[in-house]
Every structure is written in C-alpha cells, then in structure tokens.
Amino acid sequence: MSFIIEGFQKAFVLILSLDKEIFQIVVFSLRVSTIAVFLASLLGVPLGFLLAVKEFFGKKFTVVLLNNALAIPTVVIGLVVYSLISRAGPLGYFGLLYSPTAVIIGQFLLSLPIIVALTHSAIQGIDVKVRNTALTLGATEIQAAWAVVKEARYAVMSAVIAGFGRNIAEVGAAMMLGGNIRGSTRTMTTAISLETAKGEFGFGIALGIILLVISLVINIFLSYLQSRKV
Amino acid sequence: MEKKSLLEVKDIKKFYDSKVVLDISYLSFEESKIYAIIGPNGSGKTTLINILSLLDKPNSGYLFFKEQNIYNKSTTNTLKIRRKMTLVHQKPFLFKTTVYNNVAYGLKIRGEANENVKEKINKSLEMVGLPGFEKRDSHQLSGGEAQRVVIARALALEPDILFLDEPTANIDMRHIDVIERIIKKINHKTKTTVIFTTHDLSQAYRLADRIISLLDGKLVSHVPENIFRGEIIHEDKKQWFNIMENIRFSIVTEKRGMAYIYIDPGDIIVSCQKFYSSARNSFNGKIIKISQQNNLIRLVVDIGIDLVCNITYDSFQEMGINIGSKVCLTFKASSVKCY
Chain D
1 MSFIIEGFQK AFVLILSLDK EIFQIVVFSL RVSTIAVFLA SLLGVPLGFL
51 LAVKEFFGKK FTVVLLNNAL AIPTVVIGLV VYSLISRAGP LGYFGLLYSP
101 TAVIIGQFLL SLPIIVALTH SAIQGIDVKV RNTALTLGAT EIQAAWAVVK
151 EARYAVMSAV IAGFGRNIAE VGAAMMLGGN IRGSTRTMTT AISLETAKGE
201 FGFGIALGII LLVISLVINI FLSYLQSRKV
Chain B
1001 MEKKSLLEVK DIKKFYDSKV VLDISYLSFE ESKIYAIIGP NGSGKTTLIN
1051 ILSLLDKPNS GYLFFKEQNI YNKSTTNTLK IRRKMTLVHQ KPFLFKTTVY
1101 NNVAYGLKIR GEANENVKEK INKSLEMVGL PGFEKRDSHQ LSGGEAQRVV
1151 IARALALEPD ILFLDEPTAN IDMRHIDVIE RIIKKINHKT KTTVIFTTHD
1201 LSQAYRLADR IISLLDGKLV SHVPENIFRG EIIHEDKKQW FNIMENIRFS
1251 IVTEKRGMAY IYIDPGDIIV SCQKFYSSAR NSFNGKIIKI SQQNNLIRLV
1301 VDIGIDLVCN ITYDSFQEMG INIGSKVCLT FKASSVKCY
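So the protein sequences, as listed, match chains D and B. Just so we're aligned, residue 1 is where the first sequence starts under our numbering, counting upward by one. Just so we're aligned, residue 1001 is where the second sequence starts under our numbering, counting upward by one.
Treat the hints as calculated values from the structure; they're not laboratory data. Glycine included, every Cβ here is placed at the ideal spot set by N, Cα and C. Some hints could be false.
[To be verified] To give a feel for the contact side, a few chain B residues facing chain D, derived at Cβ under 7 angstroms:
1. PHE1093
2. TYR1105
3. GLY1106
[As the list claims (entries may be wrong)] Simulated pairs of lysine to any residue, SDA-like, Cα-Cα distance not exceeding 25 angstroms:
4. LYS1337/B to SER1250/B
5. LYS129/D to HIS1175/B
6. LYS129/D to LYS1010/B
7. LYS1286/B to ARG1210/B
8. LYS1096/B to TYR224/D
9. LYS54/D to LYS1286/B
10. LYS1091/B to VAL128/D
11. LYS1057/B to ALA145/D
12. LYS150/D to VAL1117/B
13. LYS129/D to LYS1337/B
14. LYS1080/B to TYR224/D
15. LYS54/D to HIS1188/B
16. LYS1010/B to THR1076/B
17. LYS1237/B to TYR1276/B
18. LYS1120/B to THR140/D
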C-alpha cells in the first residue's frame, strides 16, 4: 500500500517542481498528437464532407467500413505502419521507424477515421438550404461547401478534438512505431507503461495525472461545443 | 426606344422522371421592370425561377443574359453572370451568425473591400426598414424580420435581377404589405429588375408591370382566372367537363380524362335574367365581389364555384347590379378552353 502513497507523493513533487524530463515528454506528446490531428483534419474534414454530399456507388458500404475503422485497435495500426516503414518494408528506404515522424503517421491513421466519420454525420445534419443560399448569393461550389462546413463548425471542431483525444491517449502505435526512445520518441503513454514496469511508480503517476487533466480539459471543451447545438 | 432585353428564354424544356414539368418556347424580361410569375401549385413556377437564376439547368433550350448565351460559357463566365443576379428563397434562411455577417456574405465572397461592405450593408438594411440591426443574432429575429434581412442580403449585392420565390407565402398578413412596399421601392430606387412568383393574383396586379402565367409547365396567354381542374366525360356524343358533383360545363374537345379548363372572363355574358340563345352553358349565381380593373369591372360570381367575368363600366351602370345581386351567366361551349 505504501508504494502507492509514496508514488503519489513523488508524482506531486515531480509535477510541482516542473521536472524537466516529465515536461519534455508532455510537450513531445502534445506536439506529435497535434501535428497528427492537424494533418488528419486537412484530409478528413474534406473527405467527411464529400462522403456526406456526394452520391456514389458503394457509399453505404464505405460508411460501414468507416464506422468499423473507428474500432481498429491501435496496435493493428502500429503493425501495419511498422510493416511498411521498417527497414525491409516498401518504405524502409526513408528510415522512418522509431522517429517522431513514424508516431505522427500512426496517429494520423488513428484519428483519420474518427474525423471523417464525425464530420460526415455533422455535415449530414446541415440543411441543404445552406448550400443553396450560398449559391444564390454568388458563391462558387467551393465557397458554398465552405459555408456548409462553417454552419457545422462546432460539430466539425468536436470531430477534430475527438481525433486529438484518441491520439493523446493511445499507446500501441506510439510504442511500436516510436520505440519509446528517451528524449526522442517517448510519449506520455509509452513512458507510463515503461516506468511502471521499471517500478518507477511516481514518474508514471505524475504522467498519468497530467494525461488525465489533459483529457478532462478536452472533454470539457468537447461537451461545451456539443452543447452549442449545431 | 425599345428596351433591351435582359434575360431571354428559348425553347426550354425540363423533365423530372420523363415527365415534362416546364416547356417554354420564348420568354423575355426587360430591364428595370417587375414581373410576376403566377400559377397554381405544381405549375412550374419554382422550376422556372431556379432556371432563370442559374441554380438549375433545363434538359434542353437556351438562356440569354444581355444577348449572351449562358450555357455556352465557361464556369468562370457563368459565375460572373450568376453574380449579377440573386434569388431569395420562399422560406428565409439565415446563416447562424449576426445580421451583419449574413448581409456581408455575398459581398465578402466577391472580395469587396471592408469599407464598401459596411456602407452597402447600412444602405440595404435601411432599404428594408431595419437600420441598426447589424449586431443582432439571426436566430433572434421574427419571421417577418428574417424575410427582410434576407432581402437586404440580396440587395447588398446590387443585382441586375432580383428573384423572389413566393416572397410573402410564409409571413403574416401585417408583413405582406411591408414586403410589397419594399419590392416596389427596390425597383423604383435602384432600377433593379424584379422577378417574383406568387399564387396571389391580386398581389401580381398590385406589383407587376407584366404577369407571366404558367399552367402545367406551359405559358398561357391569359392571367389564371377561371381555371379549373376536373374530368372530361363523353356522353351521348356530348362532351362535359365535371368540376364538382353538381356543376358541369358543356365543352367541345376530343380529350378525355382529367384536364384543366379555362374560361376567358370576357367571354361570359352577364344578364339579370335567363335568356335563350345558342350558348350551351347557363348558370344562376350571386355576385360576391366587385372591383375595377383596367377600365373594366371585374365581377366574381358564385355559381357553386367562383367565376370571374369582366363587363364594361357602362353595362355595370345600366344593369344596376351590386354585391349580392342575383345574375345569370351564359357562355358558349367553345369558350371553355381545355388543356
């Protein structure tokens, strides 16, 4: 029992003393997850939009696949990307394995389905009148599309935040692709898993608390956006 | 001097599921006039206005803007023309933001400078009688206010043509008058060509320089009075048009089944008593409305259904009739035109 109490004591000391290593890991995690979700949004929001407004053969099946992709275990994404970028893989030439870029690729693929799926349902909920009104006011097709996304802005923002939430909390892809290298690719989740295994309980708890606070902030923000009733 | 035509329609056809919903051989609109497109529900008014405002395309035919064939143009040039006109939909739709941002939308996407935008917004909100509404949130507006903001948003673009689809269909009586006055004012002050649809004939008369009348997707040369839907029955070598159970007109046609008929209000003879003549249709009725219209007196007579008849002012005086007077209406079977 005492190791838990000691762990918490040590954790608070680490947090309050702004321990350099802890915060280096936090900053790295935030940076990697933010870049990944940013890139996934650049692709995912337009894809979700097109999926909502365009009719094409196999649309229903695509939506089923997409919803299924939401449940892909992070280690499976890790496995797939690993096989592509490892030395012997087709993209091995670039030497990406165990680099921050590899973690970003993994998290990009993790958050992409969430962003596409949530954007798709957000856009579907928007009145066709938005597009028509924009067109009557002289908008081009792209400007009209943007007007629709803007009307759905809160729901689209919550799609992006949900993607970020998945990235920051996942451990499988970051572990397999980043390799948990100290000072280079160690994220909050991989560090917690390693330090706990090493018996460095305080270090793990400190990161755990920070991670919980971050997800709490994200969720408060998310429920605020959802309460704006898009 | 003949006015230049702003918009011209030639041989336009539009189908939905192989059903012809619009079939117009020629129609032209001149600058700075007000046009009313009138017709019953499903007559193709909205389809026509969507085609004219370039929101929809016909399956065949041509549309000319200032004598340029629009369908031959590149996307960029079509956009340029599309930006010279705007359509206000039947149900006002406002973006979820302030009145200012709503009215600014069309100007911003045209890349107008900020100071111009501000000035134009002020001007157009003033035009619809809502100055100082800039900071209001769109969801705080009443139905009538929203309709006026939507019109202001269209006006800010200073369009050559303003299209209004049933501008007063969804607002209360009190606001109808306001909207009608705004439409007149827009046309008068800015010389904007206004084209609107309505199924209210009196509104068309109040506002429009010209009335375009549609029936079943086709232009009809008369205003849609005395138009009825019913069934043509062939009986003992005679043809009848059944409107209601107890009312039927004698008609001359080869057609059968459901159809529209039209009786020109000038073809109906109004008399105080029944008289014998070659005309096959004769009905007793009661006058329920009297109005003056283009030097003629327009009577609405209830014979079980309302029939409109036009008589001269002199006849009206001589007959000494009034609201509630009993009269007899007589018209020939060949006066009943069938569609």
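- request: Would you check the hint for LYS150/D and VAL1117/B, treating anything up to 25 angstroms between C-alpha atoms as holding?
  value: holds, 20 angstroms
- request: Return the status of the interface hint for TYR1105/B: holds when the least beta-carbon distance to chain D is below 7 angstroms, violated otherwise.
  value: holds, 6 angstroms
task: Please work out if LYS1120/B and THR140/D have their alpha carbons no farther apart than 25 angstroms.
output: Between LYS1120/B and THR140/D the Cα gap is close to 22 angstroms, so the pair holds against 25 angstroms.
query: Keeping to a limit of 25 angstroms between CA atoms, is the pair of LYS1096/B and TYR224/D held or broken?
result: OK: LYS1096/B and TYR224/D at ~17 angstroms, within 25 angstroms.
query: Is the Cα-Cα distance between LYS1286/B and ARG1210/B 25 angstroms or less?
result: violated, 31 angstroms
message: LYS1080/B and TYR224/D were given as a pair; does the straight-line alpha-carbon distance stay at or below 25 angstroms?
response: Violated. LYS1080/B to TYR224/D sits at ~41 angstroms, over the 25 angstroms cutoff.
query: Taking 25 angstroms as the top limit, are the C-alpha atoms of LYS54/D and LYS1286/B close enough?
result: violated, 58 angstroms
- prompt: Under the criterion that the straight-line Cα-Cα distance not exceed 25 angstroms, is the pair LYS1237/B, TYR1276/B satisfied?
  reply: holds, 22 angstroms
task: Could you grab the alpha-carbon distance between LYS129/D and HIS1175/B and see if it respects the 25 angstroms cut-off?
output: Since the Cα atoms of LYS129/D and HIS1175/B sit roughly 23 angstroms apart, the hinted pair holds (cutoff 25 angstroms).
query: Does ALA145/D lie within 25 angstroms of LYS1057/B when you go C-alpha to C-alpha?
result: Holds, because 20 angstroms separates the two Cα atoms, which is no more than 25 angstroms.
message: Run the distance test for LYS1010/B versus THR1076/B: straight-line Cα separation, threshold 25 angstroms.
response: holds, 23 angstroms
- prompt: Does the structure keep LYS1337/B and SER1250/B at a Cα separation of 25 angstroms or less?
  reply: Holds. LYS1337/B to SER1250/B sits at ~11 angstroms (cutoff 25 angstroms).
In summary, the structure is inconsistent with hints 6, 7, 9, 13, 14 and 15 from the numbered list given earlier, while agreeing with the others.
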